[in-house]
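Going line by line, the protein sequences match chains A and B.
Start counting the first sequence at 1; every next residue gets the next number (this note's numbering).
Start counting the second sequence at 1; every next residue gets the next number (this note's numbering).
Derived by calculation from the structure, the hints in this document are not laboratory data.
It is possible that part of the hints are untrue.
Claimed, not checked - In silico negatives: residues of chain A with every beta carbon more than 10 angstroms from chain B:
1) S13
2) G15
3) L21
4) A25
5) H80
6) D131
7) E190
8) T220
9) R228
10) E229
11) F299
12) R318
13) T396
14) D401
15) A415
Claimed, not checked - With beta-carbon atoms standing in for the labels, derived distance ranges:
16) E65(B) x K292(A): 32 to 38 angstroms
17) A222(A) x A172(B): 16 to 22 angstroms
18) F294(A) x G417(B): 56 to 62 angstroms
Being a predicted model, the structure only gives us computed values, none of them experimental.
Positions of the beta carbon are idealized from the N, C-alpha and C atoms, including for glycine.
There are 2 protein chains.
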Amino acid sequence: MSSTATMAPSNQSSGPVDIALRNRAMRVIPGGLWGHMNAANLPPGYPQYFARAQGCHLWDVDGREYVDFMCSWGPVVLGHHHPAVEEAAQRQAALGDCLNGPSPVLIELAELLVDMIPHADWCFLSKNGGDATTACVTIARAGTGKRKVLVANGSYHGAVPWCSPSLVGVTAEDRAHVIAFEYNDIASLENAVDAAGDDLAAIIVTAFRHDMSRMLEMPTEAFARRAREICDAQQAALIIDDVRAGFRLDLGGSWEPLGVRPDLSAFSKAIGNGHALAAIVGNDRFRVAATKIFTTGSFWCTAVPMAAAVATLTELRRVDGPAHMRIMGERLRSGIARLSAQYAMPVIQSGPPQMPLIQFEGDADFRIGTAFCAEALRHGAYFHPRHNMFLSCAHTAADIDAALGAADAGFALIARG
Amino acid sequence: MSSTATMAPSNQSSGPVDIALRNRAMRVIPGGLWGHMNAANLPPGYPQYFARAQGCHLWDVDGREYVDFMCSWGPVVLGHHHPAVEEAAQRQAALGDCLNGPSPVLIELAELLVDMIPHADWCFLSKNGGDATTACVTIARAGTGKRKVLVANGSYHGAVPWCSPSLVGVTAEDRAHVIAFEYNDIASLENAVDAAGDDLAAIIVTAFRHDMSRMLEMPTEAFARRAREICDAQQAALIIDDVRAGFRLDLGGSWEPLGVRPDLSAFSKAIGNGHALAAIVGNDRFRVAATKIFTTGSFWCTAVPMAAAVATLTELRRVDGPAHMRIMGERLRSGIARLSAQYAMPVIQSGPPQMPLIQFEGDADFRIGTAFCAEALRHGAYFHPRHNMFLSCAHTAADIDAALGAADAGFALIARG
Chain A
1 MSSTATMAPS NQSSGPVDIA LRNRAMRVIP GGLWGHMNAA NLPPGYPQYF
51 ARAQGCHLWD VDGREYVDFM CSWGPVVLGH HHPAVEEAAQ RQAALGDCLN
101 GPSPVLIELA ELLVDMIPHA DWCFLSKNGG DATTACVTIA RAGTGKRKVL
151 VANGSYHGAV PWCSPSLVGV TAEDRAHVIA FEYNDIASLE NAVDAAGDDL
201 AAIIVTAFRH DMSRMLEMPT EAFARRAREI CDAQQAALII DDVRAGFRLD
251 LGGSWEPLGV RPDLSAFSKA IGNGHALAAI VGNDRFRVAA TKIFTTGSFW
301 CTAVPMAAAV ATLTELRRVD GPAHMRIMGE RLRSGIARLS AQYAMPVIQS
351 GPPQMPLIQF EGDADFRIGT AFCAEALRHG AYFHPRHNMF LSCAHTAADI
401 DAALGAADAG FALIARG
Chain B
1 MSSTATMAPS NQSSGPVDIA LRNRAMRVIP GGLWGHMNAA NLPPGYPQYF
51 ARAQGCHLWD VDGREYVDFM CSWGPVVLGH HHPAVEEAAQ RQAALGDCLN
101 GPSPVLIELA ELLVDMIPHA DWCFLSKNGG DATTACVTIA RAGTGKRKVL
151 VANGSYHGAV PWCSPSLVGV TAEDRAHVIA FEYNDIASLE NAVDAAGDDL
201 AAIIVTAFRH DMSRMLEMPT EAFARRAREI CDAQQAALII DDVRAGFRLD
251 LGGSWEPLGV RPDLSAFSKA IGNGHALAAI VGNDRFRVAA TKIFTTGSFW
301 CTAVPMAAAV ATLTELRRVD GPAHMRIMGE RLRSGIARLS AQYAMPVIQS
351 GPPQMPLIQF EGDADFRIGT AFCAEALRHG AYFHPRHNMF LSCAHTAADI
401 DAALGAADAG FALIARG
């Protein structure tokens with residue numbers, strides 16, 4: 001907590017247990033917490049530490065309950081403690097998890113992914129989204145013998161040197177073969193392709209434009225088709241970074257509705273409903289290249305996350321998870337639109353309904369959004385003002401309506417100024 | 001299986017269930033399996049797929065049982081299904097694992113690591129060993145404002161572009177600021193330091209020299225001290241990559257017995273007895289730098305592996321795990337020496353007893369070692385001919401003696417030529 005936050009009224013602080021844990025953390029963890037889950041980046045009052053969860057409900061360490069719209073920033077796609085997933089995980093755990101090689105469940109998962117994802121002829125597994133995007137780039141370079149990788153400005157592909165959003169501790173050479181373009185901007189993509197000359201290995205794009213602190217933007221069909229055409233003409237790899245959106249928009253890969261198929265895709269987050277796993281899938285053009293690169297990790301063959309992933313993907317298919325999340329996301333969106341009109345506080349709602357963002361008009365510094373979220377949090381809804389949110393299959397109409405009640409309190413507060 | 005292996009006598013094949021799974025895998029996984037656990041790199045007869053495990057015993061998918069000396073290539077340090085670890089993991093899992101932030105167990109683990117490891121003033125967590133080594137290098141660069149990183153020839157620090165053992169798909173620029181030296185060779189280290197000029201960010205070394213297919217070698221005290229002196233003089237970071245050896249040799253870090261403390265260390269593998277986790281620890285000189293880099297991952301705050309790690313480290317401390325593993329490793333080493341003398345087949349035994357390697361004299365192409373391991377496997381011991389092996393706290397004298405019985409069969413076979 002910054003000193004400003006400490007001075008704020010008590011309804012702007014996280015609870016006393018949370019604050020005590022943060023103070024202990026400051027001694028043994030640099031800055032209190034690394035990375036994207038650091039609550040210092042959230043509105044005042046947001047807790048850092050969580051005690052437990054069930055379905056789409058979270059309890060912080062001070063016993064406060066929230067209807068959750070971050071889903072652990074993506075992984076929790078069926079809801080916490082989903083019985084089919086946890087039973088599968090426990091069944092595998094009772095046999096063995098981290099062995100001298102994989103368990104048969106690896107084959108089951110690989111066959112399921114290849115069956116579900118039309119562009120996938122093969123897959124392999126890792127732990128982080130960044131492992132998967134890095135492996136895709138490495139495979140593209142191995143397969144093409146070329147080096148340049150086109151990356152959209154502002155797109156997040158992981159926190160590793162070639163693509164980290166921060167340049168601290170990163171050298172210029174780590175980006176030597178990265179060329180930037182603007183998402184959804186065909187002319188800018190073509191300029192980047194020209195700059196790559198005869199050295200184009202890959203174009204990598206996120207499933208949609210979900211850069212932090214910016215309106216979300218779906219890929220245009222023209223942009224997607226042009227990226228595909230360029231890669232075909234240049235024999236480069238089209239890579240979709242589907243780490244964040246994968247299995248929420250379309251179980252066959254997020255660009256299936258566009259009719260554009262990548263050569264390589266990176267998945268992670270939702271694949272195992274919170275169990276740590278990532279997957280690289282690709283088509284036969286890059287199969288040999290995938291055998292030639294060396295990529296591995298100590299825990300990449302562990303069986304429990306694979307069993308969880310088989311159960312997660314099977315359940316998502318059975319219940320048509322993307323459709324359920326879309327319906328619930330649309331219910332949230334309609335409710336927010338209604339409140340926006342009622343309070344005459346115009347909002348910008350962007351992104352696919354399963355991964356929405358709510359911004360306020362004229363709120364460039366996010367002051368309104370921050371106050372709105374802080375107040376909604378006090379009333380039991382865990383929103384995010386600047387990052388896309390996530391629906392899950394555990395969200396019911398009643399959960400959405402409860403969250404809209406909390407949003408109503410948020411609108412009331414900001415409408416009062 | 002290569003066609004050669006398929007033509008070998010049946011006692012040189014893995015079982016029929018294993019072979020059927022491998023055949024299915026070839027369709028959906030490039031080359032059948034990625035990375036270090038690919039059984040194609042093992043002697044004939046080694047299974048690829050495992051059904052279950054208990055303590056230091058493994059069962060493959062064909063029901064064959066082995067006394068295990070790879071411990072899943074390091075992670076399994078207390079033995080499979082250790083009750084204290086699994087109870088802690090299940091207790092946390094019943095509350096929550098992958099939440100919108102960490103659970104209080106994070107603080108417990110961070111405080112335990114800082115308490116156990118004398119050079120650690122702070123820590124943060126990730127999933128892969130390569131995440132941890134990469135973060136150490138990034139922190140060193142951020143903290144020093146310099147770029148050059150000295151890496152020993154042949155040392156393994158992960159399968160990411162700056163340090164992968166393969167150059168396929170890697171660009172020259174990924175290694176632009178890496179300077180090689182020879183492990184344990186002070187003159188070579190000093191030459192590399194000279195080459196870095198005034199741009200030396202870090203020296204990174206593995207806990208001991210454990211390069212694949214090479215005799216293991218402990219660091220000399222003179223080498224360790226010189227590396228420390230150079231880093232002090234140049235205000236560079238001394239980084240120990242303790243991913244493979246950590247918590248097996250010394251619970252305070254593997255260079256504690258040498259009296260040389262690094263600035264930053266990377267741990268993983270054994271930290272959670274098979275639960276996926278890695279840790280970066282450092283001293284206060286690099287605390288601010290650690291707050292400045294951006295490093296994160298979707299699953300880096302998950303609570304179950306942290307609970308497993310607290311239980312694992314607590315148990316290792318309670319039973320003095322390194323001492324137990326040393327005693328069991330020495331029992332194995334003595335027995336092998338006895339058999340070697342008995343069969344007049346001279347062996348080279350190297351490495352710390354907890355992580356031993358057995359090689360045969362004059363066996364540069366590992367033909368003898370491969371035949372020895374294949375025969376020992378048939379008799380129920382899972383050894384490795386070219387990579388250091390791993391003891392665990394689950395190994396008993398009876399397990400070692402059983403493995404020596406299998407080794408006896410291996411010696412008998414190779415002594416017959």
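- Task: Please settle this one: A25(A) was flagged as non-interface, so is its CB more than 10 angstroms from every CB on chain B?
- Result: violated, 6 angstroms
- So does A222(A) sit 16 to 22 angstroms from A172(B), Cβ to Cβ? violated, 36 angstroms
- Item | No chain B beta carbon within 10 angstroms of D131(A)'s | The claim is violated: D131(A) sits with its nearest Cβ about 7 angstroms from chain B, within 10 angstroms.
- Query: Is L21(A) truly not at the interface, in the sense that its beta carbon sits beyond 10 angstroms from all beta carbons of chain B?
  - Reply: violated, 6 angstroms
- Run the C-beta distances from E190(A) to all of chain B and say if the shortest one exceeds 10 angstroms. holds, 24 angstroms
- Would you check whether the claim that R228(A) is not at the interface survives, using Cβ distances to chain B and the 10 angstroms cut-off? holds, 22 angstroms
- Beyond 10 angstroms from chain B, beta-carbon-wise, is S13(A)? holds, 16 angstroms
- Task: Take a quick look at R318(A) and tell me if its Cβ sits farther than 10 angstroms from every Cβ on chain B, holds or violated.
- Result: About 22 angstroms separates R318(A) from the closest Cβ of chain B, which puts it past 10 angstroms; holds.
- Item | Whether T220(A) stays farther than 10 angstroms from all C-beta atoms of chain B, as the label says | Non-interface label stands for T220(A): nearest chain B Cβ at 28 angstroms, farther than 10 angstroms.
- Message: A cut-off of 10 angstroms on Cβ-Cβ distance, and F299(A) was said to be off the interface with chain B. Does that hold?
- Response: violated, 4 angstroms
- Item | Assertion that A415(A) lies outside the chain B interface [Cβ separation over 10 angstroms] | holds, 27 angstroms
- Is it true that the C-beta distance of F294(A) to G417(B) lies inside 56 to 62 angstroms, as the hint says? violated, 35 angstroms
When held up to the earlier numbered hints, the structure conflicts with 3, 4, 5, 6, 11, 17 and 18 and fits the remainder.
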